[in-house]
Every structure is written in structure tokens, then in C-alpha cells.
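For the record, the sequence lines run as chains D and R. The numbering of the first sequence is our numbering, which starts it at 1 and goes up by one. The numbering of the second sequence is our numbering, which starts it at 1 and goes up by one.
Hints may be right or wrong, so weigh each one.
[Said to hold, decoys possible] Rough simulated footprint, nothing fancy, chain R against chain D, three-plus residues with beta-carbon under 8 angstroms:
hint, region
1, 145-156
2, 356-368
3, 517-531
[Stated by the list, open to error] The following residues of chain R were derived to be distant from chain D, with all beta-carbon distances above 10 angstroms:
hint, residue
4, Q37
5, P54
6, P55
7, A61
8, I98
9, T124
10, G126
Everything labelled a hint here was simulated from the structure, so no lab data went into it. Here a beta-carbon is modelled for each residue, glycine too, at the ideal position from N, C-alpha and C.
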Amino acid sequence: MTGLTLQALFDADADAVAAAAQGWLAMAEAVDNATEGLIRGTRDLAHVWPEGAAAEAGNAKAVEIRAETSNAYQPCQRIGRALREHADTVRHLQDSLRQVTAGAVAAGFQVDITAGTVSAPQHMYQQTTAPHVIAQQCSAYMWQLQGLLDQAADLDGRTVTVINANLPDAQRGFGSLSLPPVSEAALRAQKGHPPADVHAWWDTLTPQQQEQAILEHPDLVGWLDGVPAADRDTANRAVLDRTITDLAGRNNALIDRADYIRAMADQGRLGELYPTSGNPLGSALSELDRIEDQQKGIQDTLTGSTAIANRINDPNQPPALLLGYSSADDGKAIVSVGDPDAADNVVTYVPGTMSDLPSVAGDLTRADIMAADGNRLDPSGRSTAAILWLGYDAPDQFTNAGSSSYAENARPDLQNFQSGLRATHDGPASHNTVIGHSYGTTTVGYAARDTLAANDLIFVGSPGVGVDSAADLHIDGTAGNVWASTAGNDVIGFTGIDDTMRFGENPDNPGFGGRQFTSADGSLNPVATHSQYWDPQNPSRRNIAYIVTGQTDRVE
Amino acid sequence: MPPARRLAHALAAALAAGALTAGCDSSVQQPTMTPSQAVERVAARAQEALRQLPPGATLKAELNQPEIPCDNGGDKSTFAEIDYKIDYPAGWPVAQVIPTLAGYWTKNGYKTVTDKRTDAKTPTLGVEHPDGFRISASLTYRDNGRIDAYLISSSPCLQ
């Protein structure tokens, strides 16, 4: 925009630039999706067509096309972002231009946008004993307007530079050279960085590099906060499938071994099986016991893993994304019902004592229930995603639930996860809620004592949250965004003395400074009541949905 | 007594009390049916409700949970819940869903559990059958003018 004038700035069509930006960003997304499809559809070509001149040429062409398609993504995205920033900045400059002009006119000056001048009528000089002040004011307005023009010119230059730098070469297009693969070390180095930084780094990768990282290091990509939900899902599904196959294989091997031992016993040949044992029968029984224990462990892990696989692959259920999966120790799983990067409301559910991979199905249903309730009970039609966050090692039994160590250890992971949701969300920020149940409330509270990226917190059936006042929880909200409820017959209510629970003041106590909501008193079975907050027609369900969807004026 | 030990003792006592009072949930004994039988009855109750409404509407399951644990980490009892959206044609009297079902359920021995019929945005009526199965009817008046209608049917905890 050479010879930029105030009139040109005033008349600039920011909406048209914004529309162009949207077009480029949409094209970038389409290129990204097409590249993913191309990569997944052709990466096995070399394995299924390994020999011959035609195979060689075909494979080489596939590599070239993958690279060139992948290389188109970043330039499209950069141009789209530059145009979006251009449109936003132009609007801002136009607002400033209007304000300066209105201010000058209100003060009696004459502004000529076309000529780019500010002048005072003669009578202003005549009616003052300090005409030099009038001249200075004129100069000041001119100086402000010139400043806006300078900013507009800078913006123009930057946008043109980005566009020119990212247009394809007339001969080579975007080129077919592949950028270096993402190494394991590079991925490990990202852990510990703020999720926003991780997200920015992930964005610098071409689709090909992202696919390569997911394919070769799914264990790392799947847990990296700041990587978009869809990419984490792809990575974690690969780990889940591989684990289920591996566990089934190990289980079959154990079955075969046990069958073999029994067959040898039937044939009276245990001595051959245990040649150095003085008691072959005892050795056989010991090994069968060990096999049974190992099978139990495998079965437990398979139960939970299969429950997750069945849920995320069920076409008759709302779509779900696997944001974390590990079969190590008690297991961990993070499953989102709905896409948290796209949803308007996102609730993260942290379960409590005895939550682990084998028992994950029950907690998964709570995520399904909260997503369904949120989408059903919001008249605005905004979408709700609900995440089961079993990203920590919860206490194994009630006798361990008196220790704060599980909550302490979970703190950075939950904090990072919530920050990651903010970093990867598309468009305006979502309304994010974190809900804890039982010991899960303690885990949430310990994280929020420092800081937790959430607009609202909900504590149900809490043994205390590590602080005695809602004001001591640091979230993207105030004490008025901290909610709690304890059912009248909930066993957890019997574990405190007055309002002091194991981990601090009962958050359901008005003295805590948060807000309370109604849950049904529950059944005569206090232990069962502790788990009834998601039961049909329990008022707690409606109230949780209202909080999650930002309808806090309807909470009872 | 240290707080941690007090917590463990209280929970152990409550678990024992729970074992003694198991089966005393709500107003009915926990039915001894299989999860699939419970799901059948849950679905049947929803269809029965639909039959009381004017023809032309169908049910679409939006939440289908056949075995929800009643108690995390406790016994293995489960309950079933299916949330249906009522798909209805243009001109169908959706605003009559709750009054019509209120009359039917009252006549057939259901007792009211949740009465939010006066809620302007999401009126709801929830009832329980003498056998412990529950069902609710609710409407959502969307800001864009559309009215969505739902039936939420569930079983009690099964033994």
C-alpha cells in the first residue's frame, strides 16, 4: 500500500481481508487433513510393493508427493495468520482514527481525512490569548494521525513480506524436500515446557513431521500437553491397540504354558519339566500359581483397556478422543467425550480412591453423563465436552486415602493438562470446569492451591481440598466460582469433625467461602450414597450441568 | 486418633453398615434381574411413554449405558440408563409431552421424584414406578426457538 493516506486507512475493507484469512486457514486445514490421509494411505507402499523398477519409481513418487503436500501446509497457515492479524490490526487502527478525529472535531478543530490535515478555524486563534497553544494542539492531533499512518504502513509491509515469503516457487512449487524427522530427544525436551510453548512448537512442524512423530513416538506425543487433542488421540489409540494386542498375546502364552504344565502332569512327566527340582509337583503348582497371578494382572489391565477401546470405537456413542493412556502400574487414562479443542464448555472430571485402569468403565460413564447433561440442559445450544482425567495414581484403598501424597504428586500433571486445554483450543476460550469426586477433590484442590486453568471448580463428596478457604484456590475465577456439595447420607460426611475434614475445611461448609448446591440425600447405604451424584434424577446432575455450561444463576 | 486412621475406621464401619443395609435403597428391594433384562425394561418404559404421545415421533438414544456401577470400588451392582431424544415432525404438539405423561404416570401408580415443571427453560417431570425403575420427561427451550424433548429412563441398582 504505497502512498498510504488517512482516507485509504479509513476506507480499508478489513472484513474482506478477514474473509481471505479464513479462506487461507481453511485451505491450510484441508491441506493438513489431506496430507494425513495421504501419509497414512501410502506409507505402507514400500512394504507391500518392495521390488522392481516400477515399485521403486512408485515409492519415490509417493515420498515426493507426501513431502510436497506436507510442505504446503505451513505457508498456507502463515499467510492465513498474517492476513488475520492484518484484518484485526486494520480494524484497531480504524477505531483509533475515528477516536482521534472525533476528539479533534469535538474540540473545535477541522479534520480533512482526504488531505490528511488538522486545522483550527480563525475564530479559535482570535478567541484566545494563547494562539500558540491552538497551534500546538493542531500539531498534536496531526502527530497522532501520522502515528496511525506509520503503524498502518508497517503493518502493510509486514503482511506483504509474509505473503511473498510463503508463495510457492513458480517452477518448484512448495518443493519436495522433507524436513528432518522429529527425534525422541526433541519430543522429550518439550516435556516440562509450558503447553502454550509446546503448541507453538508443534505448529512449526509440517504435517509430515507431525505424522512421523505420532507414528514413531506415540507414547511421548500422546501425553504431551499442548499437542492438539486430535493428534494426541491418534497417538494414544496406537499405544492402546498395541497394548491390547501385546496383553492378549502374553495371556495366550500363559494359557499355553499352563496347559503344557497340566499335560505334562497328566503324563507323569513333570520331572522332565523341572529336572533340577526335588519336588516337581510343587514346582508345577508354584508356577501355575504365578501364572494365575500374572493372568489376573493381565486380565485387569485388559478389562480397562478393552472398555476404553470399546467406548472410543463405538459408532453409536458420541465421538470420544483418547488424550492419554498408560498400562503401567495401576494404569492411567484420559478420555474426552466430545472434542475439547472445539467445544464451548469443557469439564474435566477427576475421580477418587480406587480409581484405576481396570475400573475405568464406571468413571467413563460419568464423563458420558456429564457431556449428555450439558448438551441437553443448555438452551443456548453451546457444545459441552466432558473429560475423564485419570492421569494420576489414585489411592488404591481407603486406608491409603488419608495420605496427601497422591494429590501432591498429581499436581503438576493436572495443572499442565488444564493449561494444555487452553493452549490447544480453537477460537474463543472455552468455559472450563474441573470437577473432583471424593479424593479427586483433594487432587483438584492441591493443584488449584498454586494455580489451575479453570473457570469453575466443583467438589462433590469431598474429604477436604487442602485449603480452608475458597479464596486460597487460584483459578480463572473467584471464590464464587468454587462449588461444593455433599449428600446428606454420604459416608464422607462422617469422616470429619464438625466441618473439619481430613484435608481441611469442608468445601461444602458456607464458612469455606465457596458456593453450595443441592444433591439428593441419598440412600440408607452411606457408601453407595458417596457414588450417587450422577444417578438419574439426582438434583446434583442438573446443578453440575448448569455450572459446566455457565448457567450458574440456575444452580439450586 | 490421627485423621487418616479416623477416615479409614469410619469408612470401614460404613462399609459394614452398607453390607447390612444393602438392598434398602429407595423404596424397593433391588431387583434380581440381569443387566440385559434391566436394559430391556428401561427401553420398554420409554416406549410405553412414547405410545401415550401423539403419533409421528420416534426415540433416538443419545446416552446408552447398560451397566453403570452403583458403587465405585464396592460391590459389583450396576444400573442402566438410556437417555432418548424425541424426534418429532413439524407441527407436533411437543409442549404437551409433560402434561400428557404426567397424567398417564399418575394414573398408573408412578410416584413423583422430580418436579421442575415450572422451570421456564428446561421443565422436567421425573417419576418412579413401584418396581424402582425411573423415567423423566424434559423439554429444552433453545434460544434459537427450537424445543427439544427428552425421555430419560433408568433402572434401580440390580442385585
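Here is how each hint holds up against the structure:
As drawn, the region 145-156 of chain D meets chain R at 0 residues by the rule of a beta-carbon pair under 8 angstroms; below three, the given contact is violated. For the region 356-368 of chain D, the stated coverage by chain R is satisfied: 6 residues place a CB nearer than 8 angstroms to a CB of that chain, which reaches the threshold of 3. Chain R is given as covering the region 517-531 of chain D, and this holds because 8 residues of the stretch bring a CB closer than 8 angstroms to a CB of that chain, at least three being needed. Look at Q37/R: its CB is around 18 angstroms from the nearest CB on chain D, clear of 10 angstroms, so calling it non-interface holds up.
Chain D leaves P54/R outside its interface by the beta-carbon criterion, the shortest separation being 22 angstroms against a cut-off of 10 angstroms. Every beta carbon of chain D lies more than 10 angstroms from that of P55/R, the smallest distance being close to 24 angstroms; the non-interface claim holds. The beta carbon of A61/R is not kept farther than 10 angstroms from every beta carbon of chain D, the shortest such distance being approximately 8 angstroms. Every C-beta of chain D lies more than 10 angstroms from that of I98/R, the closest at about 14 angstroms, which supports listing it as non-interface.
For T124/R, the non-interface assignment is contradicted: its Cβ lies about 8 angstroms from the closest Cβ of chain D, within the 10 angstroms cut-off. Residue placement check: G126/R does not keep its beta carbon more than 10 angstroms from all beta carbons of chain D (closest about 4 angstroms).
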